[in-house]
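Q: Based on the provided sequences and hints, a complete structural model is requested.
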Amino acid sequence: MKWLAVVWATWIAWIPVTFLFGRVFCRYVCPLGLSQSLVGLVLRPRKRVRRVCSRLPRGKAQRCVNLAFLALYLALPAGYLLHPWGIFGRVLVLFVPGIVFFAAILVLAAFGNGRIWCNWVCPLGTVFDAVARYAWRGDKIGRGCANCRKCFPKPEEKDPPAAGNADGVTRRDTLKGVALLAAADKIADGGFAEVSLPGIPSGVPRPLPPGAIDAKRFSYLCVGCGLCAAKCPGECLRPSASLLSLGRPEMDFRRGYCLSGCTKCSDVCPTAAILGVAPGEKRTVRIGLAVWKKSLCIRATEEAECSACVRKCPVKAIHLVGGFPVVDENACIGCGACEHVCPARPEPAIVVEGFSTQRIVKPIGEGDLVAEMRTLVENGKSVVAAKDGVIFLQLSGHGFAPALEACGSHSRELAGATVMDRVVGLPAAALYAKANAAKVFALVMSRDAEAFLRARGIGTGAVELVRQIAHRGGRGGSCPFAERSEGLSTVDEITKAIGKVTET
Amino acid sequence: MTVRMSSDGKKVSLLGYGAMRLPTVDGGHANGWAKGASNAAIDQKMVDRQVVYMLQNGVNYFDTSPAYCRGESERVLGNALAASGFPRESYVIATKLSNFSPSQHSIEACRKMFASSLRNLRTDYIDNYLLHSIGNGGFSTFEKRYISNGALEWCCELREKRTIRNLGFSFHGDPKAFEWCIANHSKYKWDFCQIQMNYVDWLHAKEVNDRNLDAKYLYGKLTELGIPVVVMEPLLGGRLARYNWALANELKPLDHDATLAQWALRFCGSFDNVMTILSGMTFDEHIKENIATFSPLRKCSAPEMEALERAAIAFLNLNTIPCNSCNYCMPCPYGLDIPAILTFRNRMLSEKTAPSAAEAIKLYKSMIPEELRRADHCTGCGRCVPHCPQSIDIPAELAHIDAWIDDFKLEAAK
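Each protein sequence line maps, in turn, to chains F and D.
Under our numbering, the first residue of the first sequence carries the number -17, and numbering increases by one thereafter.
Under our numbering, the first residue of the second sequence carries the number 14, and numbering increases by one thereafter.
Only pairs whose alpha carbons sit at most 20 Å apart, straight line, appear in this in silico DMTMM-like list of lysine to aspartate or glutamate: (1) K378(D) - E217(F); (2) K378(D) - E424(D); (3) K265(D) - E302(D); (4) K427(D) - D249(F); (5) K298(F) - D420(D); (6) K264(F) - E424(D).
Just so you know, these hints were derived from the structure itself, not from any lab.
It should be emphasised that the depicted structure is a prediction, and the values quoted were computed from it without experimental measurement.
A: Below, the structure written as structure tokens:
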């Protein structure tokens, strides 16, 4: 209910007040309006400038402009830019295009005829003005007014500049290349290798701050005040410079990433565009998915021994398989730590693709899983379970030994169980089918895998699990065995192919 | 200036000038900690002035290496010594066979390195030539660098020809390499040996890292064989000289006028088989203070030695990372400022200068101003690890510090 309360408080709640006492909000509350009055008072103290007053008549032109901007505000996704709180907030957080815009309004107010923005453009002003005309104790023109109309608007009034300058502010860094291997033949000590910021990955949807829940919902509520960006301790939220989302927060992982456990943006958001997330639940909010590109990864291009993304991942969702990073789609929360630390230039090789609707993951409690599996294994049952993309198998009488021996790193935890590393999608389904397991804990599956199982009439339990897990269709590609099992259709063929891979 | 004798009967000042931390024109030093590492050029004029000042005050031992200060140290020092106007016999030049890179292992590369040392130092002979950090990278690396390629035999030949006056080695890392050299002393006749010695490493080097040997053991072995000892890291890269609440707590009450650096230098000078003590003096103040300490050196009394031992234990209890900012790990291929990051951790532990999380982050950012050089950008490639003479697991430490920083950020946001 927080967002309702706050959005109402920003202006809708003022309508009844306006109905009683006129444009109180514009005169005494609105920070943008007050700063215009202040400028007028300081720079031109003698001049009686036009104030906000519903008693003053509005010409046809003014009404048209008013209604046009009101329509823009309500209809356009970027309409929030007109909200006076947002305009003022962007100044408070020292966002440069916002300051330019604000300054333009002040200049108009000082050297034009009073509060031009409020009377001509501001959608809130238009609404309040309309309401205030019917107010009980409405606006007063002021003592000593002879109704001379000198203060009335002139017809040649120009529109204030639109959200200008936005195109001019580009933070793309054109620096390219890193002398990554400069120090391969290290003869002398000291000094620095060159570093450069990566470029912004193009054509990739950026995630919204955790708690924004939904792109549409967010676009309705965010007024672009910039508070979240100013307060972000991870330094990854920045005010956007693009025209349609000017001043709204944008995830930029070049200078930081979303800290796990941090809920600062949702704490400070005044309009509840970013909903509250409990610190303990932060790691369960998935804002996007890290996608790795082999063609850019320095493990492929320079054969470097890099494991930056694997080291940095706070949820251990990235594993090195066969020498390359593999992202566990179910564990990745899209925090951007991997993208931030990726040394590939000019673009990072691992990039977070933002979700339009954020998801919640409920991780399997490790203790429960291990304990339950152990009980089953000790009783001679066969089980299949997956956690963080690692599949634990215990098979009765099936010969997977060569494939499974290679993956012994978790077997200490689960004496008696065989362990399969990083199998997802179709190969996982095949293993599942072959294992004929007594219990399935969780399978990381793609839709292919689901269809595969359905076609063979296997595993309704698994299909149900698929529904429980927030899976992503068609993303089985990060499984190291996916390529090998491509085009194969039967369980035996696929499991055989997997066996070959792990043997080599 | 207290003076000791070298193997070939030359008078050597007990204080030696280490040219590993030369000043740079941007006000830091080339292997610095205060400003972090630097790519700025070395301040030749300042070095010129310092060298003259030291020669005038009786310091005559100058230690360098082809690897120091991005490979600039020998040239800058050579220029300064040549310009000082003092005759060549009046000072001792020590430089090293720093053939760390596999590309430098061949005997041809070693010859080239020696020839370039002579050229850079503007001389036709080297007083003290060292096999550089013989335990680095394990015993097999030692064999490749000096034994199988015949470099050690070649050095002995050079000594016979008097192009090298004294042959020695500096030791860090694998104890096997040290033991091998000691066992073969009758064959190679080491004229001197350079070891890491200070009041912490005297009895506790093994505690700091299991691969180390205590300085007392090393010193004892060398003294037994009559090999003069050159001390390096008497101040642990400044960690025993800069403010440190644990050390100040132990040592200041004994003598409020003495600086921590004086204590550490006096400790090393108290041992008679120590020929010279190398100090990387970057700024004029360091030089003046150290010359005062050595003119003449007062040996530590027994109760003072006990106090130093107490200070060593207090120092160890801080659990700092044993990084001395030698910059052997640099340049990191990914551009990280490794010494500055490790020093940040050490400052936090030993100076207590940042009481709140917000101040810790401020300190971190001020010590490593460029964000791409901070700990999170470590890729774990591990290329720095074999270079570290202190055998620090650098990627693990960086990951640890990075997690620490994230905690600070969260705490500061609350």
